[in-house]
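Assemble the whole structure, with the sequences as input and the hints as a guide.
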Amino acid sequence: MINLEIQDIEGIGPTTAKKLKEAGIVSVMDLAVTSADELAVDINASKESAAAFIMAAQKLLRDSHIIEKEFVTADLALEKRRSLLRCSTGSRALDELLLGGIETQAVTEFYGEFGSGKSQVCHTLCATARQPTESGGMDSGVIYIDTEGTFRPERVEQIARSRGLDHRDVLKSVAVCKVYNSSHLELIVKDLGKYVNDFNAKLVIIDGIISLHRAEFLGRGTLADRQQRLNGMLHKIIRLAEIFNIAVVITNQVQSSPDTFFGDPTKAAGGNIVAHASTYRIYLRKSGENRVARMMDSPYHPYSDTRFTINEKGADDVEEEGVSKKNVGGKKGSKTTTND
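Quick note: the sequence shown uses our numbering, first residue 1, plus one each step.
Hint data in this document are derived by calculation from the structure and do not stem from the laboratory. The model shown is predicted, which means the values in this text are computed figures rather than measured ones. Idealized CB from N, CA, C, for every residue including glycine. There may be inaccurate statements among the hints.
To be verified - Heads up, simulated DSS-like pairs for lysine-lysine below, C-alpha to C-alpha not over 30 Å straight-line:
id, residue 1, residue 2
1, Lys47, Lys18
2, Lys18, Lys236
3, Lys59, Lys19
4, Lys69, Lys80
5, Lys194, Lys236
6, Lys69, Lys190
7, Lys172, Lys194
What the hints assert, rightly or not - Label pairs and their computed distance ranges (CB to CB):
id, residue 1, residue 2, range
8, Val41, Ser256, 35 to 41 Å
9, Ser287, Glu48, 52 to 58 Å
10, Ser162, Gly232, 37 to 43 Å
11, Asn311, Thr133, 21 to 27 Å
12, Ala52, Gly149, 41 to 47 Å
Spelled out as structure tokens, the structure:
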């Protein structure tokens with residue numbers, strides 16, 4: 001990759017470059033994914049000036065062929081999508097549901113009740129991401145942001161051993177951050193580009209994207225502030241995924257919808273803010289000894305469900321896997337039925 005400096009950006013001199021570095025923006029990539037409102041506060045500038053700096057950074061990246069041009073033809077867009085990396089979840093059935101696995105430049109959300117397998121899928125990805133690309137991995141590091149205290153290195157070690165991987169190498173490739181409050185999480189996300197480079201990560205996992213905000217912002221009076229902060233953080237994550245060409249996996253809690261009279265009243269927490277931020281949204285639930293994964297929202301995946309299990313290998317296939325595609329091409333948000 002071309003080595004670009006902050007001062008290579010048109011309109012940024014030594015004084016502005018110093019302010020940017022003091023604000024933690026040390027690369028052109030960092031500036032390109034920052035919001036104008038955030039930057040204006042960080043460097044004590046007008047929103048218009050901040051927006052101009054960001055646009056200039058993005059233009060420099062496009063001119064250097066690091067990110068794509070503002071407009072490309074659909075055939076070139078298709079060619080680029082075919083070159084995206086995909087990471088196996090550990091289960092062939094779940095990979096098929098995702099049409100190849102967890103992909104880069106996207107945010108994949110797993111939501112479900114306690115014990116539905118969300119964290120187990122994340123632990124499995126810590127191991128599979130380290131595999132070579134020809135084996136369904138990313139041959140890269142992983143950043144694991146733990147908001148609920150559920151990360152267990154022993155579990156990653158067990159999964160790696162069970163899959164015949166070098167468990168020491170896998171453990172060394174996973175950078176874990178225990179987050180204690182919503183402000184801490186937002187700060188980590190703000191500096192995420194730096195951590196991605198430091199740890200050579202192609203996969204970022206945020207286990208419990210909304211749990212801290214839900215715990216701290218109680219009552220209807222705080223809802224607007226909570227959603228505004230979530231919105232800013234999630235859009236930063238989306239920009240990071242696209243510009244740094246990384247895969248982002250988030251897990252989410254659920255809540256009951258009292259106005260649902262038929263079917264499953266369970267829905268993802270966070271409202272439309274989280275729903276719009278997720279590129280792919282998968283609902284996990286228990287089904288006896290196994291788990292059912294249902295594709296709930298996607299720009300192009302069929303609306304279908306599949307079964308997988310949790311064992312010493314982490315997420316794995318059941319003996320007879322099957323994908324129900326009764327609603328392929330159906331209306332977005334409509335449901336399929338699964339016999340337990």
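These are the hints, each one checked on the structure:
1. Lys47 to Lys18: 18 Å, holds
2. Lys18 to Lys236: 23 Å, holds
3. Lys59 to Lys19: With a Cα-Cα distance of about 21 Å, the restraint between Lys59 and Lys19 holds, given a limit of 30 Å.
4. Lys69 to Lys80: Distance ~12 Å between Lys69 and Lys80 Cα, so the pair holds.
5. Lys194 to Lys236: Between Lys194 and Lys236 the Cα gap is close to 13 Å, so the pair holds against 30 Å.
6. Lys69 to Lys190: Holds - the C-alpha atoms of Lys190 and Lys69 are around 25 Å apart, at most 30 Å.
7. Lys172 to Lys194: 18 Å, holds
8. Val41 to Ser256: 35 to 41 Å: About 38 Å separates the Cβ atoms of Val41 and Ser256, which means 35 to 41 Å holds.
9. Ser287 to Glu48: 52 to 58 Å: 54 Å, holds
10. Ser162 to Gly232: 37 to 43 Å: For Gly232 against Ser162, whose Cβ atoms are near 40 Å apart, the range 37 to 43 Å holds.
11. Asn311 to Thr133: 21 to 27 Å: About 25 Å separates the Cβ atoms of Asn311 and Thr133, which means 21 to 27 Å holds.
12. Ala52 to Gly149: 41 to 47 Å: Given a distance of about 42 Å, which is inside 41 to 47 Å, the answer is holds.
In this structure, none of the earlier numbered hints is contradicted; all agree with it.
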